[in-house]
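Chain residues, written in single-letter form:
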Amino acid sequence: MALSFQRLILTLQDYWATQGCVVLQPYDLRMGAGTFHPATTLRALGPDPWRAAYAQPCRRPSDGRYGENPNRLQHYYQFQVILKPSPEDILDLYLGSLRAIGIDTAKHDIRFVEDDWESPTLGAWGLGWEVWCDGMEVTQFTYFQQVGGIECAPVAGEITYGLERLAMYIQGKDSIYDLAYNDDGVSYGDVFLESERQFSAFNFEHARTDLLFKQFTEAQDQCRELLAADLPLPAYDLAIEASHLFNLLNARGVISVAERQAYIGRVRELAKGCCEGWMKKNGWDAGAAK
Amino acid sequence: MSDFLLELFCEEIPARMQAKASEDLARLFGEKLAEAGLTASGLETHATPRRLALIARGLPQATPDVHEERRGPRADAPAQAVEGFLKSTGLSRDQLEERDDPKGRFLYAVIAKPGRATTELLAEIVPAIVRALPWPKSMRWGTRSAHEGALRWVRPLHGIVAILGDRVVDLEVDGIRAGRTTRGHRFLSTGPVEIASVDVYAARLRDAHVILDAAERARIIGERARDAAKAAGLELIEDAGLLAENAGLTEWPVPLLGDFDPDFLDVPPEVIQLTMRANQKYFACRDPKTGALAPAFVCVANIEASDGGAAIVAGNRKVLAARLSDARFFWEQDKKATLESRLPKLGDIVFHEKLGTVADKVERVAKLARWLAGHIPGCDPDLAEQAARLCKADLVTGMVGEFPELQGIMGGYYARAEGLDPQIADAIRDHYKPVGQNDDVPTAPVTVAVALADKLDTLAGFFSIGEKPTGSRDPFALRRSTLGIASILIRAQLRIGSVGLFRQAEFPFAEYQDGSRAVYREMLEFLIDRLKVQQREAGARHDLIDAVFALGGEDDLVRLLARVKALQAFVATDDGANLLAGYKRAANILRIEEKKDGVAYDGAVDPKLLAADEEQALAAALDAAIPAAESAVGREDFAGAMTALAGLRAPIDNFFDRVTVNADETDVRANRLRLLARIRAAAHTVADFGRIEG
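Residue numbers (the numbering used here), protein chains in the order written: chain P, 199 to 488; chain F, 20 to 713.
Chain F extracted, bound-state conformation (with noise of 0.2 Å):
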């Protein structure tokens, strides 16, 4: 048993890249090694900004030996068949024996096929694995590059360390021999680096200056981060992407805390936290007694400078406070317009080109909002309509134009800035939200109009054009804005029907000038695939909201998920089991019957053909459950709904038990069936029990 080291050694992977390059390798390596029936007794990958590295434990030498031994047809077979035998076992027909037995004479294939050294098998491997894979972005480099089937990777690859044991395993890549010598950090190593095996791989890179675990490297960010910070008296604020990143950016991190102007915190804080992210990777930090941004940021360097880092720091200072002037210029300068004299600047901005420029949609949003203020408690219809017409107005801006996340948040404070009522600047401010499934849900009435009616104009347009989400393909995010839609409905109780909802919209395509039916089934059906998805985590079965809206009629989301939750509880009781039990047999029975006989029998049930005493007891529990089941659907008491049917547990468990439905006397046995109809009928005055699982 051997363990075997692969380097790849390259220039800068990008940071984003490096977690799936690590997977991919893994996965590749694995793959093929089965297909070369090996196995290792351990396999781990990792990645460093300048090189991806995979250990495997425990390597056999060799694979076994194989023998092996195959009938083929008869001697005498016609050519084809011969031909289909060669052609599976791959020898030619000199290599078959032919042996007698007592059915005849036959072809026999004997392939014994000696193992193969692991060296051997590696040599082909590696350079398989490193040519397959998959890069969101690969390249060409050097004199190699003008010629066909050069190497395409992220980045120029430079060097192959391959060691098996403590042998290197002789292979080639595209020109690049394997062999064990590395390199170093790029600053802070110098000369080659010799690896004598796997064991000492790690080690020999960290005596240079490199951290292999991606992992390890993303602690020591974090503690030596946390620790600066908390040396000035602050409190880091945590961002598990930056680490990542800082980690895929750095072979030696040493994280450096650092200030800046605290006159440059009249900027809003969204915007500085921005900026030192997006733009320079650096932590943000806060003063722990007030929770405000404090004017000092954390970088993380690549290499324990001579200096101890004060040149490091001063340099990322000077590239922050310019940075931060731009922000404040466009902060300043966006203040001097209103929102209100940025919107003719929305017709340059086309939204989709069958649906205009987002001027247009504004236009079809601020109709939509002051429409649904009237259904929202407390909501001004005049606040949600201005606001509405502002809500995109924060695009034209010079921030939002540098800063595009920002978008909403800015419109927000400018607002404010104008001195517009706030519940205008706070509907600008969430009107996009919620953007996924863990973010807040607006409760606010102007913003529950103003969210409201932009996800609904988005879902409403998009697929009035044909352009509805397909598997993983959903270029305008409906899945999310339905999502939200689904979500603000719920969290604010209202009490809309969708289709209404739909009908409000307006359809700017003109095929759909006049709404079409056929649109609003395919809306409301996404709508209620993406309440589904909600519930997943709030806890409503899939199953039953399908049970439910099978009714057909429901497409109110919260009366919808009232019955659904008494039916939940319902179903978890010993009736409600029994009852879909009894239900689920009736229902079979029917659907046998129906179509032998090729009659539905929904009819009335005759009381003169009652013979038995369970089937009169069935029978007038029914009488008595259906009407009170629906007169308390009709009350929206679906709890009262499922007592009613509760109810007929004892006369469906006992008709079960003692009368035959198929008697011989047919009009006995279609007025039994008729029975079993009822009971279904029952059922249907909650949901659809059929679709019920379990």
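Just chain P, with the same shape it has in the complex (with noise of 0.2 Å):
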């Protein structure tokens, strides 16, 4: 039988442990990709290395479709993999891990295509690819070559599934509020249907955008008195919030596209505060930054 949504992530989790990686609960924030957790960005920098695990929700307020759309969520799930120095054996790993998954490379076509990643916000780079499955983008594969602006050394590979596609594809549904997310019939559905609905008023309708104003303006306050007390973990922590607020600002549709550019440097500014803080930190050279 095909693995159920919660089996998947139970499943991507066993397989990871046992290639030696910490294994997180998401992280207590709102944030637009899992490569925002610190557990990614900020370990991603410096000379340890680092291998982790971990079921990350997203949130991107301009995808939501009230419900309606089979295909886009406003709240979904990636499972991110992060290890440092990215080990030559890196893509058989992942290919193991869609076989643990069920997926069977002698009758499924899996392709690397070409896709460089770059997060602007974040200030980072990297050089992989989007990986299909029969045509479906199933995951990410990116080798960071800077994040915050400093250069990784080693670098690390990341690998993001995304697990409602992933999903779909695996149970063959057509959407994704008809995956079973356990194996006692409660559907994804069940789960989120009502949360689609709510949360794309909330992003479209109903947030206040004189508070998001407001917040936005506090976090980046706030972020930057951190770093100057020589505190880039909960600095950090309000970089993710102001990067989250400007993605709510952004769907409110209150920002102009000149705007636009203006706020994603703020954000950067504060995500390379924090990288530069957390590296002197630990005592590592950021000027190593190219």
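Hints may be right or wrong, so weigh each one.
Taking lysine to aspartate or glutamate pairs in the DMTMM-like style, the calculated list, with each CA pair at most 20 Å apart, reads [as the list claims (entries may be wrong)]:
id, chain 1, residue 1, chain 2, residue 2
1, F, Lys-337, P, Asp-376
2, F, Lys-300, P, Glu-312
3, F, Lys-39, P, Asp-313
4, F, Lys-337, P, Asp-372
5, F, Lys-300, P, Glu-335
6, F, Lys-584, F, Glu-573
7, P, Lys-478, P, Glu-467
8, F, Lys-300, P, Glu-328
9, P, Lys-371, F, Asp-345
10, P, Lys-479, P, Glu-349
11, F, Lys-584, F, Asp-656
12, F, Lys-373, P, Glu-457
13, F, Lys-300, F, Asp-280
14, P, Lys-305, P, Glu-335
15, F, Lys-156, P, Glu-316
16, F, Lys-51, F, Asp-84
17, P, Lys-371, F, Asp-278
18, F, Lys-603, F, Asp-676
19, F, Lys-156, P, Glu-312
20, F, Lys-364, F, Glu-421
Derived from the structure by calculation, the hints contain no laboratory data.
Got two chains here, separate frames each, mind docking them using the hints?
Right under this line is the structure:
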């Protein structure tokens, strides 16, 4: 029987735990991608080896469709694996994880299609692929080259599975809401459909933009204060919050094209400050940034 | 003689980079071989998603010994001279020999370089080219990435096969040792693949489900995709770009046919085809009877699946259905709002920081299109203005947001869907045309007005803020826009002086608000340059365009080309060629004599001083030909002007045969020089013959 949504997460956790990853629980902040988790962004920096795996709920306010689109959600899950330094056999390890969740690579067409990754808000970039399974993008694979404007040394490999898509594929469902969440009759829709409706309304209609602007400024101010106080970890929390507030403002359509770049630049400044603070706190040389 | 095999085995190389990498590898290796003094009888390179390979045939075992003797300065030369000689030879003073010869005692450098084994040279060459291979983007990876000088490559490099004859060349690149072991297909092959020698390389790979040659992979994809379509009663829509891309994504390509729900065919075919192509890299199919897009696709798998591909096709169908649902969603959503209602949003899109928003541009283009309509036969000014105002509205539709390549095309569909005049819909659809040398040039009057106005505004705007293309830099694609202007004017035979056109275009940048003659001149020269490019295929010679343009005052491209064509026909005749030769002779003499004397001989010829019959005949011929040519040019009868000039051939030839220009009598000489100036003036009624080549 095909894996349920939760069994999919459990299987991936189990698989990567045996590869020496610490299995973390989701970070308790609203964020746009699993990469924002400090276990990826900050741990990708510096010389220390690090292996972690975790599921992370992601919020993309603009992608909400009031629960009416079978493929789009404003809240969904990524399963994130970070391996530093990137092992020689990282692609084989990844393919092993696909087999573990029931994808037969003798029957399915797995492809690594060029996709270079860049996060303007994190000041990060890397090279890699989107991984296709029978034409469907199921994973984003990246060798981090820079994070927060700082050169990664050594380089980490990041594997990001789109869990809903993967589950739809494995279970053969056409709608996210029809996914089996567990093996006992609970569907993904049972758990999340109402939430999608309400949060779409919040994101697009009810989120108070005056408050959001205010909160953005507050988060920015406090982040800077914390950086000055040499507390990069809590500072980074505020950078994550600022980034999400910007995404909400964007969904409300109150940020003009011209302002957009300026906001992204402000978030990037915060994220860079946190990365530099983190390097400094650990006694690593951030000056290696090129 | 031995053959050399190099294989660089790595993680998946982006498809778009493979061909260039293959060329670069051949080039770099060739250069290094030459530097080392080696020659190969043949060199080939290949690329697949996971490997670059190079095969060099017929390498010698070693480079020949080199023995060289060089004589240097005298033994007692100043230290500086000796120093220089040491530097150039790379020797030290005690290694030099002193020899006597008839002129004295000299220093000699005797350099004996023994030949080097090819293996040894390859062990140096390979690491150098692996590091030097230029990738559009490169990366570091793994443990070594923490160290200075770590290898940067397109994706992680895993293995190197380097075999000369049947022996491994001992070399290493950043910790990777060369050997004879590679791997086959990622999924269809297991375990290492041993390569004994170059000769078995391709065959061993084929056994391991890897087709080395990209052209062969492309051929397989094309043939099997066509067959698959045909078996379903369909016809494959050929696409060379997709063929190459899929060949770069597969080591063992297997095309598979699938279908999609025919209900999706309500969505414009361009959208479906682009979704399939850009997002999924599928080929589209058409119904051979109607030519219409068929609800089918061909995807190219990289494996021979254990179930014959059933699961792969099913998966791809599902992905495509989701994509097409998205496209249909945009199509339905977009049709709910009129193009007109979208215009305010164009004010949010910056066209260029100094040239305002797209809304500003649209206002300018609308005004210009209305003015142009007055000069375009059959063009309704109201329709032209309305089409221009709406032509960019699709930029803020969901569909164009998703697929920017569909700009214009979608606007055309939406205009038709909301019931606007078909002339407007066509103008919106086609106003970006022509997009290149080989694209269709618009001819429908309203489209001509909008297409021309849009491009003219772009050219004028960027020139007015000093953003002119330089060298290979043309970030705003002004060359393409301007080529478009020339093509449209000529195709539609529009009789508008270019400077008049430029004057109508608005210069939004303050400094040029009144227009500036210097900018007009620059724009005109740029336009003429593009005209030359445009005519390269149409056949008008670039030197003849220059020759006509150099007269000044000709900025009507249609008339300019008519003159050029008449001139081109004329210089191809005997009379024309001879006149050209006579002109050049006259112009040369004039140039020399005028420079010598410091005066211009462009005064009137004095008939009383014409002594010889030949000069009298020439003067009479010129007196007849010049007004005739001028009047013909005035009537735009350029062939007539050439005929008038053709009559000068015999008198000019006779004159040069019999008459000495530099006569002893000063006044006769001056008069004859003035006669030559008249020849020059006669030619200049049609073109500056001095610029004609040959």
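Taking the hints in turn, this is what the structure says about them:
Annotation: proposed proximity of Lys-337/F to Asp-376/P holds, straight-line Cα distance about 15 Å (limit 20 Å). For a cut-off of 20 Å, the pair hint linking Lys-300/F to Glu-312/P stands: about 13 Å separates their Cα positions. Using a Cα cut-off of 20 Å, the hinted pair Lys-39/F and Asp-313/P holds, with the two alpha carbons roughly 18 Å apart. Under the criterion of a C-alpha separation no larger than 20 Å, the hint pairing Lys-337/F with Asp-372/P is consistent with the structure, at around 8 Å.
For the given pair, Lys-300/F sits about 13 Å from Glu-335/P by alpha-carbon distance, which is consistent with the 20 Å threshold. Between the alpha carbons of Lys-584/F and Glu-573/F the distance comes to roughly 15 Å, so the proposed pair stays at or under 20 Å and holds. Distance restraint check for Lys-478/P and Glu-467/P: the Cα-Cα separation of roughly 16 Å lies within the 20 Å cut-off, and the hinted pair is therefore satisfied. The hinted pair formed by Lys-300/F and Glu-328/P meets the criterion: a straight-line CA distance of about 14 Å does not exceed 20 Å.
Note on Lys-371/P and Asp-345/F: the hinted pairing holds, with a Cα-Cα distance of about 17 Å set against a maximum of 20 Å. Proximity of Lys-479/P to Glu-349/P is assessed by CA-CA distance (about 17 Å); at most 20 Å being required, the pair is judged to hold. Under the criterion of a C-alpha separation no larger than 20 Å, the hint pairing Lys-584/F with Asp-656/F is consistent with the structure, at around 12 Å. Note on Lys-373/F and Glu-457/P: the hinted pairing holds, with a Cα-Cα distance of about 17 Å set against a maximum of 20 Å.
Taking the CA atoms of Lys-300/F and Asp-280/F, the gap is about 19 Å. The hint holds against a cut of 20 Å. Between Lys-305/P and Glu-335/P, the direct Cα distance comes to roughly 17 Å. Compliance with the 20 Å bound is thereby established for this hinted pair. In summary, the hint linking Lys-156/F to Glu-316/P is supported, as the alpha carbons are separated by about 13 Å, within the 20 Å threshold. Proximity of Lys-51/F to Asp-84/F is assessed by CA-CA distance (about 18 Å); at most 20 Å being required, the pair is judged to hold.
Distance restraint check for Lys-371/P and Asp-278/F: the Cα-Cα separation of roughly 18 Å lies within the 20 Å cut-off, and the hinted pair is therefore satisfied. For the given pair, Lys-603/F sits about 15 Å from Asp-676/F by alpha-carbon distance, which is consistent with the 20 Å threshold. A distance of roughly 11 Å separates the Cα atoms of Lys-156/F and Glu-312/P; the hinted pair therefore holds under the 20 Å criterion. A distance of roughly 17 Å separates the Cα atoms of Lys-364/F and Glu-421/F; the hinted pair therefore holds under the 20 Å criterion.
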